[in-house]
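Number of protein chains: 2
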Amino acid sequence: MATKLIKNAVGRMVPDKINGQKVTPYKGVGKYRPTGRKFAPKIASCADYPLDGNKLVPTLKKALIKAGLKDGMTISTHHHFRNGDLVANMIFKIAHEMGIKDLVWFPSASFPCQEGMIEYMKAGTIHHIEGSMNGPLGKFASQGKMKGVGVLRSHGGRYQAVQDGEVQIDIAVIAAPTADPFGNANGVNGSSACGLLGFALADSQYADKVIVVTDNLVPFPCIPWQIHGNYIDYVVKIDQVGIPEKIVSGTTQITKSPDRLHIAELTAQFCEEAELIKDGFSFQAGAGGTALSIGIYFGEIMRRKGIKAAFARGGSNKYLVDMLEEGLVGYILDGQTFDLDGVRSMRDNPRHVNTSPFTSYNYHGKGNFAGILDIVILGATEVDVNFNANVVTHSDGYLLHGIGGWQNCLFGKNVILPIPLFRDRIPVIRDEVTTICGPGELIDIIVTERGIAINPLRKDLIKKMKNSKLPIKTIQELKEEAERICGKPKAIEFEEKIIAAIKWVDGTVIDVVKKVKE
Amino acid sequence: MATKLIKNAVGRMVPDKINGQKVTPYKGVGKYRPTGRKFAPKIASCADYPLDGNKLVPTLKKALIKAGLKDGMTISTHHHFRNGDLVANMIFKIAHEMGIKDLVWFPSASFPCQEGMIEYMKAGTIHHIEGSMNGPLGKFASQGKMKGVGVLRSHGGRYQAVQDGEVQIDIAVIAAPTADPFGNANGVNGSSACGLLGFALADSQYADKVIVVTDNLVPFPCIPWQIHGNYIDYVVKIDQVGIPEKIVSGTTQITKSPDRLHIAELTAQFCEEAELIKDGFSFQAGAGGTALSIGIYFGEIMRRKGIKAAFARGGSNKYLVDMLEEGLVGYILDGQTFDLDGVRSMRDNPRHVNTSPFTSYNYHGKGNFAGILDIVILGATEVDVNFNANVVTHSDGYLLHGIGGWQNCLFGKNVILPIPLFRDRIPVIRDEVTTICGPGELIDIIVTERGIAINPLRKDLIKKMKNSKLPIKTIQELKEEAERICGKPKAIEFEEKIIAAIKWVDGTVIDVVKKVKE
Numbered sequence: 001m002a003t004k005l006i007k008n009a010v011g012r013m014v015p016d017k018i019n020g021q022k023v024t025p026y027k028g029v030g031k032y033r034p035t036g037r038k039f040a041p042k043i044a045s046c047a048d049y050p051l052d053g054n055k056l057v058p059t060l061k062k063a064l065i066k067a068g069l070k071d072g073m074t075i076s077t078h079h080h081f082r083n084g085d086l087v088a089n090m091i092f093k094i095a096h097e098m099g100i101k102d103l104v105w106f107p108s109a110s111f112p113c114q115e116g117m118i119e120y121m122k123a124g125t126i127h128h129i130e131g132s133m134n135g136p137l138g139k140f141a142s143q144g145k146m147k148g149v150g151v152l153r154s155h156g157g158r159y160q161a162v163q164d165g166e167v168q169i170d171i172a173v174i175a176a177p178t179a180d181p182f183g184n185a186n187g188v189n190g191s192s193a194c195g196l197l198g199f200a201l202a203d204s205q206y207a208d209k210v211i212v213v214t215d216n217l218v219p220f221p222c223i224p225w226q227i228h229g230n231y232i233d234y235v236v237k238i239d240q241v242g243i244p245e246k247i248v249s250g251t252t253q254i255t256k257s258p259d260r261l262h263i264a265e266l267t268a269q270f271c272e273e274a275e276l277i278k279d280g281f282s283f284q285a286g287a288g289g290t291a292l293s294i295g296i297y298f299g300e301i302m303r304r305k306g307i308k309a310a311f312a313r314g315g316s317n318k319y320l321v322d323m324l325e326e327g328l329v330g331y332i333l334d335g336q337t338f339d340l341d342g343v344r345s346m347r348d349n350p351r352h353v354n355t356s357p358f359t360s361y362n363y364h365g366k367g368n369f370a371g372i373l374d375i376v377i378l379g380a381t382e383v384d385v386n387f388n389a390n391v392v393t394h395s396d397g398y399l400l401h402g403i404g405g406w407q408n409c410l411f412g413k414n415v416i417l418p419i420p421l422f423r424d425r426i427p428v429i430r431d432e433v434t435t436i437c438g439p440g441e442l443i444d445i446i447v448t449e450r451g452i453a454i455n456p457l458r459k460d461l462i463k464k465m466k467n468s469k470l471p472i473k474t475i476q477e478l479k480e481e482a483e484r485i486c487g488k489p490k491a492i493e494f495e496e497k498i499i500a501a502i503k504w505v506d507g508t509v510i511d512v513v514k515k516v517k518e
Numbered sequence: 001m002a003t004k005l006i007k008n009a010v011g012r013m014v015p016d017k018i019n020g021q022k023v024t025p026y027k028g029v030g031k032y033r034p035t036g037r038k039f040a041p042k043i044a045s046c047a048d049y050p051l052d053g054n055k056l057v058p059t060l061k062k063a064l065i066k067a068g069l070k071d072g073m074t075i076s077t078h079h080h081f082r083n084g085d086l087v088a089n090m091i092f093k094i095a096h097e098m099g100i101k102d103l104v105w106f107p108s109a110s111f112p113c114q115e116g117m118i119e120y121m122k123a124g125t126i127h128h129i130e131g132s133m134n135g136p137l138g139k140f141a142s143q144g145k146m147k148g149v150g151v152l153r154s155h156g157g158r159y160q161a162v163q164d165g166e167v168q169i170d171i172a173v174i175a176a177p178t179a180d181p182f183g184n185a186n187g188v189n190g191s192s193a194c195g196l197l198g199f200a201l202a203d204s205q206y207a208d209k210v211i212v213v214t215d216n217l218v219p220f221p222c223i224p225w226q227i228h229g230n231y232i233d234y235v236v237k238i239d240q241v242g243i244p245e246k247i248v249s250g251t252t253q254i255t256k257s258p259d260r261l262h263i264a265e266l267t268a269q270f271c272e273e274a275e276l277i278k279d280g281f282s283f284q285a286g287a288g289g290t291a292l293s294i295g296i297y298f299g300e301i302m303r304r305k306g307i308k309a310a311f312a313r314g315g316s317n318k319y320l321v322d323m324l325e326e327g328l329v330g331y332i333l334d335g336q337t338f339d340l341d342g343v344r345s346m347r348d349n350p351r352h353v354n355t356s357p358f359t360s361y362n363y364h365g366k367g368n369f370a371g372i373l374d375i376v377i378l379g380a381t382e383v384d385v386n387f388n389a390n391v392v393t394h395s396d397g398y399l400l401h402g403i404g405g406w407q408n409c410l411f412g413k414n415v416i417l418p419i420p421l422f423r424d425r426i427p428v429i430r431d432e433v434t435t436i437c438g439p440g441e442l443i444d445i446i447v448t449e450r451g452i453a454i455n456p457l458r459k460d461l462i463k464k465m466k467n468s469k470l471p472i473k474t475i476q477e478l479k480e481e482a483e484r485i486c487g488k489p490k491a492i493e494f495e496e497k498i499i500a501a502i503k504w505v506d507g508t509v510i511d512v513v514k515k516v517k518e
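Residue numbers (this note's numbering), protein chains in the order written: chain G, 1 to 518; chain E, 1 to 518.
The shape of chain G in the complex, shown without the other chains (with noise of 0.2 Å):
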């Protein structure tokens, strides 16, 4: 049957199939409600798996070979090695030489040194990709080029997707720092320590065949096993599995741009002064330029009230890292480690605390912790004047980012975008953005270095703010200021064709990228 497109919650049309797969279109927050069972893997036993708990296999294409590797299959990977990974291009460079075809590559993120999955997409060897595509990757994808629909999920969507089993993965390749012969694994010990594996847990409960790559093995027991070896098949050992310099860049700095300094002031200040910072708060900074400085102001001003957060969410730094061991925060509940800092301190210290996709952001789980944050600091691309937000294309309409844990941490209690009112003399805040990735009902507070918006649903926060000195505007005239300076934007051009699907937190899809008209 023809494909239909549907208009979904927020207006935007899309399909009710992708890649011949029936979707549901998005229904609002909290509208769609699943009636199913989680997706229920095969029972295995004992009596298939080597006793004396040895699972080592001599090289990762024997190992694929022995999981069955075979066309059509999905083959997930992870993206805790960031930039430095080097296991992914490896897995399909061997299905190029074996004549391998129409995979689905289902990363839970890709990035620019998976460059090389071009040549693999062009050959036929990959049909598509389901996870976020920054950069080159995207970028194909925009110009129309990659055979399949791409799928970007947020990290918590990605969990919820495998859970459900929207997405059953094949063959899982969990490339790992440290691990043991029985598959335990972690990202804390070696020379590619990424910190932890979190990525990879929905991989490692729900795929069929689980091989594990490390280049540090250690004898069993593997501990921390942050992966449990109970999941894996396969474990490889190979030279390397990432580049140290590119997983952890130890580079995080801090913004030195005056406007990005001033729109991290102004944040801070509004936090203070809606008493959103107290003793027992708990918040979300990341590790962007701008959310960096938040986080120190943040740091300047519990020092000076004598007050300290239960806990902080992390992608973590140094900066966060201090802030831990001073005290300032109780804990950390961590994604990702961005510096070694973070890798040493999660190694080191139990209130450094790993988390995953199921414990952070799956949507389709009995809660998250995501709703418990106080604050939350996140970018967009875009934001509409109904607070609407994108966080995957740019405004010249090209793919270029993924949601990463963006739409899940929308959750939070006071939801807070810091972005500058235009970016190479284009307006950021617009009457329709390109993509909508979060419904505007989540998003409380915009700040800009020319003022701040508070969403009309949060009457509590205009209320509170009547007095202040800060320069509070309405989204309407922030969006006119920027008119103003850079003129009102072009429109893109699009083909009809459908590139990838945005799919919410709940499975559903809230908008659609076309190809770009070049």
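Hints listed in this document are in silico derivations from the structure and should not be mistaken for laboratory results. The reader is advised that the hints may include incorrect statements.
One copy or any two copies: either way a pair holds, since identical chains are not told apart in the list.
Calculated cross-link-like contacts (lysine to any residue; reagent style SDA-like; alpha-carbon spacing at most 20 Å) [to be verified]:
1) K488 / D322
2) K209 / A40
3) K62 / M90
4) K17 / G36
5) K27 / I43
6) K42 / G165
7) K61 / K473
8) K93 / T24
9) K42 / Q168
10) K209 / D164
11) K488 / E432
12) K22 / T35
13) K209 / T35
14) K42 / D164
Fit chain E to the given chain G structure using the hints.
Leaving out everything else, chain E in the frame of chain G:
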């Protein structure tokens, strides 16, 4: 259809149905291969849980009502509080007062402190117990007074049964020494600290509704989160979940019996002479008086030889913790802490690792670590001349013990049963055991105060010990020696009524227990 009796692979007649549910007779070690899929719990949605993470309900009764408590449900509890548990009784008292009938109680083990359940069984509130029945509850069952048939499983078998959907838990109640309002819970903190909550892992993952009950409610995040709040429906704060001095006795004592000490010494000597104690080896000693003494002998041998163990498997106590702190063992992989030193060590020492039946024992996983252990010390109530052993019934026929992890541990590389040749002048080594809990092919060495028998299957060990001065004998010789002293044991008189089934680690039925003729 009527229940049929079928002879299984160890020659025992077992039924094809238990409590109306079809079962598979034991087929031999590793012979039964599961073909289905794991149990698939319903997909939940965060939309149905409080966004701020607060799942508190005022009373256990209200939580049970919210969870939909009704006739015929299966209700699970864990036994980390051992004989100090207060919560299981509360649940069935409430159910009894509400007039609920025919519940199945599915504890990970039951203890004498739960003797009160007899009243609820008599009243029809509880239909039967699926789980270990120690002491009075076992006696009640053995007298044929329980309405349904009891089902005894090992710790690993319990995980397997839940994972595979053989037992579907309607409501799990997880008593926790510490928890937060989101349902994250641990056993290392609080006045009822029991170390860990691993026996409740399967319950949290697979039960339809899960209630956490705690007497130490802390603000989110409860770290470590041994049980994830993402699996929890309701949280209840009560005054007391357990009696601390009965949870951890603090009085684990080395045996003072000269016979037992002799057995311990012989066991250690055997292990040394057979070169089982070598650098990087692993062992599980257990917590009984004899086992404790064996552990201490192991420590002496390691110190003398200047070697260390890669890891020891707990049940932990101060003696094992001392060995960890001394550096004699690299890690303790612990299933339950038996004293306050164990609790403290698990809380503070990252090398003291909490495990669950999933990681350690589940036979329907992709391996488990029971098979990795070099030396496993276990007990038995009876052993037969084919090395088959019994741990659940006494030689008077009464069901008085649970299986614990015993069956699971049989997969270790060298399984040793240090046992007295007779107890109360009744021989322990016999022509046939009353109840077969483990097949003889997995049991390697029997050590008694009057001699050591090596399983004829272990030609390697027999060869290695050929010139030993230790009293190596055949198991027939040991049996005859016991009978010379005590006389041939009298056969027990049973009625035909099956009162309990003994499951093997793969869910098949290895034996049954019948009603004792009184």
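_Could you work out which of the previously given hints the structure breaks and list their numbers from low to high?_
1, 7 and 8
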